[in-house]
Amino acid sequence: MSKRLSQIRSALPKIGQNKEGQVTIFIIIAIVIVALGILIYMFYPEIKSTIGVETKNPSAYLQDCLEPDIKNSIEELALQGGSINPPHYIMYNGKRIEYLCYTNEYHKACVMQQPLLDNHIEEEIKNNIQKKAKECLNSLKESYENRNYQVNLKQGDIKVELIPKRILVKLNYPMTLSKENTETHDSFDVIVNNNIYELVSIANSILNWEANYGDAETTLYMNAYHDLKVEKLKQTEGSIIYILTDRNNLNKFQFASRSFAWPPGYG
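Just so it is clear: in the sequence shown, position 217 is 955 by our numbering, and no numbers are missing.
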């Protein structure tokens, strides 16, 4: 019996050593797993591209491709009274600011030049991004074909809509993607955060005052909309430039008017 106990005792250090070896192995495995995790995190985009995993769905691809051009178009036309190339304008700070209400007669009320201003701006955005939108769609088609998809992209049209705090661009270009399964898209939406809808609504209100009374009281608007700054800058020959600025995001909309102007040297 004593001999058996001594054999057990002599075996105990070896068992402990085995456990220490196992712990060491587990620690090494854990370190390797963490290291692999870090490497995958750092190089995941490259890994995805090499193994052909899709990084974006079609809507996300088009959003990233087209959004910068939409933003640039909005910024440009917002600083010019709603047109990319204003037909009738006054120069201010190097910008051609469109007359949205105008008369060339003295003591006469101005006439609205863009009575459906929001529709006009939607059409301007559409025309300015149309070429880029087609490029993005063709690039999307090519990227799927490079991954051995069968792609059927039909011709369509573009619709732009100003909505509260957003600009919605709908690409009505039906697309079918076929590989192992078939995926159909009737249209794609690109949405840009911008409150030009609200600024244009206020501009229309000011223009109505200009058309009816030849003037607008800007403090009324700033009292009603505390985040809004309205500047009214009188120019030569009776022209007025209005600058609407959202104090939160610094988005602007500026336009010109000429109404009930006085002749030079009068009074």
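You may find that some hints are simply not true.
Unchecked claim - For lysine-lysine, the following BS3-like pairs were computed, each having C-alpha atoms within a straight-line distance of at most 30 angstroms:
1) K892 x K872
2) K833 x K846
3) K846 x K872
4) K897 x K809
5) K869 x K846
6) K846 x K908
7) K846 x K879
Quick caveat, the hints were computed from the structure, so don't treat them as lab data.
Structure-based check of all given hints:
no.	hint	verdict
1	K892 x K872	holds (11 angstroms)
2	K833 x K846	holds (27 angstroms)
3	K846 x K872	violated (46 angstroms)
4	K897 x K809	holds (16 angstroms)
5	K869 x K846	violated (42 angstroms)
6	K846 x K908	violated (42 angstroms)
7	K846 x K879	violated (56 angstroms)
Going down the numbered hints, you'll see the structure goes against 3, 5, 6, 7, while the others check out.
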